[in-house]
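Novice: Read off the chains here:
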Amino acid sequence: MTKKVKDEILHDHNQDGIDRRGFLKCMAWAGAGALCVMQGGVLKSYSLSRLSDLEPSVAAGELSFVQISDSHMGFNKPANPDVAGTLKAAVDKINALSKAPEFLLHTGDISHLSKPEEFDTVDQILKATGKEVFFVPGEHDVLNDDGAQFREHYGKGAKGAGWYSFEKKGVHFVGLVNVMNLKAGGLGTLGHEQLEWLEDDVKHLKSSTPIVVFAHIPLWTVYPDWGWGTDDSAQALAYLKKFGSVTVLNGHIHQTMQKVEGNVTFHTAASTAFPQPQPGKADSPGPMKVPAEQLRSVLGITDVNYVRGQQALAVVDSSLA
Amino acid sequence: MRRRVWILVLAAPVVAAAVLLVSGARGFAASAEQAQASNVEVKIDNFSFGPTTLTVATGTTVTWTNRDDIPHTVVSDDKVFKSKVLDTDEKFSYTFTRPGTYGYFCSIHPKMTGKVVVQ
Numbered sequence: 001m002t003k004k005v006k007d008e009i010l011h012d013h014n015q016d017g018i019d020r021r022g023f024l025k026c027m028a029w030a031g032a033g034a035l036c037v038m039q040g041g042v043l044k045s046y047s048l049s050r051l052s053d054l055e056p057s058v059a060a061g062e063l064s065f066v067q068i069s070d071s072h073m074g075f076n077k078p079a080n081p082d083v084a085g086t087l088k089a090a091v092d093k094i095n096a097l098s099k100a101p102e103f104l105l106h107t108g109d110i111s112h113l114s115k116p117e118e119f120d121t122v123d124q125i126l127k128a129t130g131k132e133v134f135f136v137p138g139e140h141d142v143l144n145d146d147g148a149q150f151r152e153h154y155g156k157g158a159k160g161a162g163w164y165s166f167e168k169k170g171v172h173f174v175g176l177v178n179v180m181n182l183k184a185g186g187l188g189t190l191g192h193e194q195l196e197w198l199e200d201d202v203k204h205l206k207s208s209t210p211i212v213v214f215a216h217i218p219l220w221t222v223y224p225d226w227g228w229g230t231d232d233s234a235q236a237l238a239y240l241k242k243f244g245s246v247t248v249l250n251g252h253i254h255q256t257m258q259k260v261e262g263n264v265t266f267h268t269a270a271s272t273a274f275p276q277p278q279p280g281k282a283d284s285p286g287p288m289k290v291p292a293e294q295l296r297s298v299l300g301i302t303d304v305n306y307v308r309g310q311q312a313l314a315v316v317d318s319s320l321a
Numbered sequence: 322m323r324r325r326v327w328i329l330v331l332a333a334p335v336v337a338a339a340v341l342l343v344s345g346a347r348g349f350a351a352s353a354e355q356a357q358a359s360n361v362e363v364k365i366d367n368f369s370f371g372p373t374t375l376t377v378a379t380g381t382t383v384t385w386t387n388r389d390d391i392p393h394t395v396v397s398d399d400k401v402f403k404s405k406v407l408d409t410d411e412k413f414s415y416t417f418t419r420p421g422t423y424g425y426f427c428s429i430h431p432k433m434t435g436k437v438v439v440q
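Chains as they are written, first to last, in our numbering: chain A, 1 to 321; chain B, 322 to 440.
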């Protein structure tokens, strides 16, 4: 087995494991894959391309789930003329995981144009995992109808524009919606009503409860010029300050990226449809065309494991190649 | 004498035709200018509106065309106009009947903003 710990990035100078003033960036571009684990206030970065490289204690977590994102069903441009095919490849990848996930999270842009047949196709393909799927909408899922169709299809029991929370094995999951009522010149928005709901939703929880927040647009500012951030995410994160372990899972930017700030690990997943350029590395964030034989190496799924007693969840990206 | 009359008779319709041609051409040119003034294009390329700021006369119809691989919308800040989602090569037109400044944006990618100044 290969050596797992590749480099230790940061010490927790405040000895508290939370609210550190400095922050650490642990970025893994599409296809590279990385795992960051916070243990006793020390963040360790593991360079990973395969699940088999993981420490058994990390890989065999108590709770395992998979995040997929940005399937953009209906997209048919040169960057990927077969998004159904690559979503099926993602399902194959999920079904081949050594530890089967308990459920899936889809962090939005399920469809490309909010068409009923696009949602249906994704549902049909994901059925092959046999797993329950929890969704939040991307901006492509709420076109033309302010998300009415999305809420009808996926938001049963959800609040407002489709936000909700649930518990799995002691981990508290919160699905947020930050793609509605976007303002000219602005970024993603959660809005007052949702923030109030979030404050209320988590205030009764013990600070030792691991929290997983998932939403489409990153809840940290990745690149504002391209709208890759959420205007009022700081308020949401303020409500999560008391918790020792917060994992934030997003999509939208079609590439993997991580940042750890205090007790919060931010992570964005790859798309299953097409890659987008690194921030500022192209004229626009539009679909990036790569040679056909390389496409699956820049698409992927994200496997997340929770081990009781560890401060952070292990987040592992795997490409579809 | 007879010969001269013939020439005059032949010449008259030619002159008349020439006059018609000239005036017709003028009429055509005038309407073309008018058409240009009342129909203006905005192209959506690389997640931006071009031109970003457009100044037009009252009564002008502006047509936006999405040339990106990703859908966009055209929504005025004050909800004066709002397109459906525009997929690649789809268009949206709006006729500006009142002077004013109309800020607009893409409601899917709100960093994309533009302005139409109607005089």
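Think of the hints as simulated: they come from the structure by calculation, not from any bench.
Mixed in with the good hints, there may be bad ones.
[As the list claims (entries may be wrong)] Computed beta-carbon distance windows for the label pairs:
hint: 1; chain 1: B; residue 1: G371; chain 2: A; residue 2: K168; range: 43 to 51 Å
hint: 2; chain 1: A; residue 1: K241; chain 2: B; residue 2: N367; range: 35 to 43 Å
hint: 3; chain 1: A; residue 1: L97; chain 2: B; residue 2: V401; range: 49 to 57 Å
hint: 4; chain 1: A; residue 1: K169; chain 2: B; residue 2: P372; range: 28 to 36 Å
hint: 5; chain 1: A; residue 1: Q294; chain 2: B; residue 2: K412; range: 31 to 39 Å
hint: 6; chain 1: B; residue 1: K412; chain 2: A; residue 2: F166; range: 40 to 48 Å
hint: 7; chain 1: A; residue 1: K289; chain 2: B; residue 2: E411; range: 36 to 44 Å
[To be verified] Computed list of chain A residues with no C-beta within reach of chain B, every gap over 12 Å:
hint: 8; residue: G74
hint: 9; residue: K77
hint: 10; residue: A84
hint: 11; residue: A96
hint: 12; residue: H112
hint: 13; residue: E199
hint: 14; residue: A238
[As the list claims (entries may be wrong)] The calculated DSSO-like cross-link candidates involving lysine-lysine, where the alpha carbons are at most 30 Å apart (straight line), are:
hint: 15; chain 1: A; residue 1: K77; chain 2: B; residue 2: K432
hint: 16; chain 1: A; residue 1: K183; chain 2: A; residue 2: K127
hint: 17; chain 1: A; residue 1: K115; chain 2: B; residue 2: K412
hint: 18; chain 1: B; residue 1: K432; chain 2: A; residue 2: K281
hint: 19; chain 1: A; residue 1: K281; chain 2: B; residue 2: K400
hint: 20; chain 1: A; residue 1: K156; chain 2: B; residue 2: K364
hint: 21; chain 1: B; residue 1: K364; chain 2: A; residue 2: K77
hint: 22; chain 1: A; residue 1: K242; chain 2: A; residue 2: K159
hint: 23; chain 1: A; residue 1: K242; chain 2: A; residue 2: K206
hint: 24; chain 1: B; residue 1: K400; chain 2: A; residue 2: K183
hint: 25; chain 1: A; residue 1: K183; chain 2: A; residue 2: K169
hint: 26; chain 1: B; residue 1: K436; chain 2: A; residue 2: K156
hint: 27; chain 1: A; residue 1: K183; chain 2: B; residue 2: K412
C-beta: ideal position from N, C-alpha, C; glycine also.
Novice: Determine for every hint whether it applies to the structure shown.
Specialist: Results of checking the hints against the structure:
no. : hint                           : verdict
1   : G371/B with K168/A: 43 to 51 Å : holds, 48 Å
2   : K241/A with N367/B: 35 to 43 Å : holds, 39 Å
3   : L97/A with V401/B: 49 to 57 Å  : holds, 51 Å
4   : K169/A with P372/B: 28 to 36 Å : violated, 56 Å
5   : Q294/A with K412/B: 31 to 39 Å : holds, 34 Å
6   : K412/B with F166/A: 40 to 48 Å : holds, 43 Å
7   : K289/A with E411/B: 36 to 44 Å : violated, 21 Å
8   : G74                            : violated, 9 Å
9   : K77                            : violated, 4 Å
10  : A84                            : holds, 18 Å
11  : A96                            : holds, 31 Å
12  : H112                           : violated, 7 Å
13  : E199                           : holds, 25 Å
14  : A238                           : holds, 24 Å
15  : K77/A with K432/B              : holds, 23 Å
16  : K183/A with K127/A             : violated, 36 Å
17  : K115/A with K412/B             : holds, 19 Å
18  : K432/B with K281/A             : holds, 17 Å
19  : K281/A with K400/B             : violated, 33 Å
20  : K156/A with K364/B             : violated, 39 Å
21  : K364/B with K77/A              : holds, 19 Å
22  : K242/A with K159/A             : holds, 24 Å
23  : K242/A with K206/A             : holds, 9 Å
24  : K400/B with K183/A             : holds, 12 Å
25  : K183/A with K169/A             : violated, 38 Å
26  : K436/B with K156/A             : violated, 39 Å
27  : K183/A with K412/B             : holds, 22 Å
The structure fails to meet hints 4, 7, 8, 9, 12, 16, 19, 20, 25, 26 from the earlier list, while all remaining hints are met.
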